[in-house]
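Novice: According to this note's numbering, the sequence shown is numbered sequentially starting from 1.
Simulated from the structure, these hints should not be mistaken for laboratory data. Quick reminder that beta carbons are idealized off the backbone N, C-alpha and C, glycines included. Be aware that one or more of the hints could be misleading.
Here are the simulated lysine-lysine pairs, BS3-like style, with alpha carbons at most 30 Å apart [unchecked claim]: (1) Lys305 / Lys288; (2) Lys304 / Lys271; (3) Lys265 / Lys304.
Per label pair, the in silico range of CB-to-CB distance [unchecked claim]: (4) Asp140 / Ser61: 42 to 50 Å; (5) Ser60 / Phe201: 37 to 45 Å; (6) Pro240 / Gln170: 32 to 40 Å; (7) Asn297 / Gly14: 19 to 27 Å; (8) Asn118 / Cys58: 30 to 38 Å; (9) Lys244 / Tyr63: 51 to 59 Å; (10) Pro210 / Glu273: 26 to 34 Å; (11) Gly266 / Asp157: 25 to 33 Å; (12) Asn11 / Leu307: 37 to 45 Å; (13) Lys244 / Asn62: 24 to 32 Å.
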Amino acid sequence: NVVYQYNYSFNNEGGFVEILGDNINCGYRYNISVNDGYRLGLPWSGTKGKTFFISTYCGSSNYRCPNSGTFIYNNTIFVNDTLSPEIYCWPDAGDIHIFNNIVFATSGGEIIPTLIENDSNIIDISHNLFYNINRFYLDDDLMNLALYEDPELLNNDPLGINDPELYKVQNGSIVINQGRLVSGSNIQTDYLQNNGGRDYFGNNVPNTIPPTIGAFNYNTLETFELNDFLDECVIVYPNPTSNKINIEFGHLSLENLTLNIFDLKGQLVYKTEEIESSMIIDASNFTKGLYTLEIFNQNHHINKKILIE
Numbered sequence: 001n002v003v004y005q006y007n008y009s010f011n012n013e014g015g016f017v018e019i020l021g022d023n024i025n026c027g028y029r030y031n032i033s034v035n036d037g038y039r040l041g042l043p044w045s046g047t048k049g050k051t052f053f054i055s056t057y058c059g060s061s062n063y064r065c066p067n068s069g070t071f072i073y074n075n076t077i078f079v080n081d082t083l084s085p086e087i088y089c090w091p092d093a094g095d096i097h098i099f100n101n102i103v104f105a106t107s108g109g110e111i112i113p114t115l116i117e118n119d120s121n122i123i124d125i126s127h128n129l130f131y132n133i134n135r136f137y138l139d140d141d142l143m144n145l146a147l148y149e150d151p152e153l154l155n156n157d158p159l160g161i162n163d164p165e166l167y168k169v170q171n172g173s174i175v176i177n178q179g180r181l182v183s184g185s186n187i188q189t190d191y192l193q194n195n196g197g198r199d200y201f202g203n204n205v206p207n208t209i210p211p212t213i214g215a216f217n218y219n220t221l222e223t224f225e226l227n228d229f230l231d232e233c234v235i236v237y238p239n240p241t242s243n244k245i246n247i248e249f250g251h252l253s254l255e256n257l258t259l260n261i262f263d264l265k266g267q268l269v270y271k272t273e274e275i276e277s278s279m280i281i282d283a284s285n286f287t288k289g290l291y292t293l294e295i296f297n298q299n300h301h302i303n304k305k306i307l308i309e
């Protein structure tokens with residue numbers, strides 16, 4: 001029950017995703033990877049850099065261990081033309097679920113190899129985007145319900161820029177509402193049926209309509225404008241804080257509002273539906289770190305960040 005989420009990975013030598021053997025219900029979602037996997041080596045070896053790598057290694061080259069419930073979904077990966085990290089899944093690795101990912105490679109550079117071994121594996125791969133397609137030698141399994149058009153990232157530098165904000169997609173992108181729906185469970189650790197509710201940037205991820213492919217769940221311009229207005233209505237202070245969180249809701253309607261607070265691991269640490277126009281939350285027992293305040297009802301959704309010192 002390990003989930004790697006809401007992380008920004010930049011220029012890591014070995015690569016982005018690596019899942020070894022004997023893991024149960026573990027995976028990656030809502031992350032952004034930029035220019036990871038530049039390490040050189042032979043294809044399908046333990047040395048070459050990798051975008052996705054799923055193996056059965058569990059401590060000994062003489063003994064292999066399959067996984068159960070491995071997932072990689074709603075991540076955005078950018079690779080420039082100076083590196084070609086492979087996608088590789090070993091045989092006997094168990095059930096593998098890879099969907100709703102953007103893998104963007106700039107034109108030029110070496111071909112990016114991919115290999116999904118099918119022996120004793122249960123393969124569940126769909127709704128991924130690969131661009132520029134001329135950079136990839138795609139395994140057939142990766143082509144299931146895949147897209148190959150430009151996702152229109154905000155970044156326009158072919159080498160990539162060290163700023164996660166630039167790996168959002170633009171209005172009109174082909175990936176908007178084209179992802180696979182993740183829903184069906186209220187259990188937080190049921191990662192294949194519970195989408196966690198938030199993308200990398202803290203935006204709401206619905207469980208009733210298809211999400212946007214990638215780590216950024218694009219909303220319509222009208223939704224952004226409305227949420228920007230509502231966001232200004234809600235004041236959270238002091239920030240940073242150490243023992244209490246003050247919240248002023250201004251002119252925002254309090255009808256059917258819920259307030260959640262999540263830690264960096266995505267764990268719910270506080271929840272209330274008893275909302276008042278002015279509230280004080282005791283934070284003296286919160287561990288130090290960054291938290292997300294989520295305020296929502298059926299029509300609106302607001303996120304605020306707060307640092308506990």
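Novice: Work down the list of hints and note, for each, if the structure agrees.
Specialist: Going down the list of hints, with the structure as the test:
About 13 Å separates the Cα atoms of Lys305 and Lys288, which keeps this hinted pair within 30 Å; it holds. Between the alpha carbons of Lys304 and Lys271 the distance comes to roughly 15 Å, so the proposed pair stays at or under 30 Å and holds. Of the supplied pair hints, the one linking Lys265 and Lys304 holds, its CA atoms being roughly 16 Å apart against a limit of 30 Å. At roughly 29 Å, the beta-carbon separation of Asp140 and Ser61 lies outside the given 42 to 50 Å, and the hint is violated.
Taken as a hint, the range 37 to 45 Å holds for the pair Ser60 and Phe201, whose Cβ atoms sit roughly 41 Å apart. About 33 Å separates the C-beta atoms of Pro240 and Gln170, a value consistent with the hinted range of 32 to 40 Å. In this structure, Asn297 and Gly14 break the distance hint of 19 to 27 Å, their C-beta atoms being roughly 44 Å apart. Asn118 and Cys58 have their C-beta atoms about 21 Å apart, which leaves the hinted 30 to 38 Å range violated.
Lys244 and Tyr63 have their C-beta atoms about 53 Å apart, which keeps the hinted 51 to 59 Å range intact. In this structure the hint that Pro210 and Glu273 lie 26 to 34 Å apart at CB holds, the actual value being about 28 Å. In this structure, Gly266 and Asp157 meet the distance hint of 25 to 33 Å, their C-beta atoms being roughly 30 Å apart. Checked against the given bound of 37 to 45 Å, the beta carbons of Asn11 and Leu307, roughly 26 Å apart, lie outside it.
At roughly 57 Å, the beta-carbon separation of Lys244 and Asn62 lies outside the given 24 to 32 Å, and the hint is violated.
Hint check: violations occur at hints 4, 7, 8, 12, 13; the rest are consistent with the structure.
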